[in-house]
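Engineer: Sequence:
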Amino acid sequence: MTKGIVVQFRRGRKTVKERHFLLNFGAEDRTGAEKLVGKDVVWTSPAGKKIRGKIAGAHGSKGLVRAIFEKGLPGQAVTTEVEILDSGKEEKKNAKDKKEKKPVKRGKK
126 MTKGIVVQFR RGRKTVKERH FLLNFGAEDR TGAEKLVGKD VVWTSPAGKK
176 IRGKIAGAHG SKGLVRAIFE KGLPGQAVTT EVEILDSGKE EKKNAKDKKE
226 KKPVKRGKK
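Residue numbers for the sequence shown follow my numbering, beginning at 126 and rising by one.
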């Protein structure tokens, strides 16, 4: 898994978007950051709770990316680590396979 740092909330002059964060994964420029778009990320709290998100796009020209999380991260998440899930699609597929149930046969033969 690739690790990065939560840089800041995505914000304007007078507004803060609580679910949107700027992340730094060490990309050199915008083209390097655009390669990460669409990947799943996860932030783990000190208590072990995981909050998932998805990289939505590049931010600026210095290699930062925008990520949208399913729930807002706490303010203490700024300057902490976040990880890219390499097998996000595989995990979702495996979870779907586990949920599938075989049909129950009822009645007499």
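No wet-lab data here; the hints were simulated from the structure. Being a predicted model, the structure only gives us computed values, none of them experimental. Check each hint, because a few of them may be wrong.
[As the list claims (entries may be wrong)] Keeping only pairs whose Cα atoms sit at most 30 angstroms apart, straight-line, the calculated DSBU-like set for lysine-lysine is: (1) K142 to K196; (2) K174 to K164; (3) K128 to K187.
Engineer: Hint by hint, say whether it matches the structure.
Structural biologist: Hints versus structure:
1. K142 to K196: holds, 11 angstroms
2. K174 to K164: holds, 20 angstroms
3. K128 to K187: With Cα atoms ~17 angstroms apart, K128 and K187 stay inside 30 angstroms; holds.
Every hint, counting from the list given before, is met by this structure.
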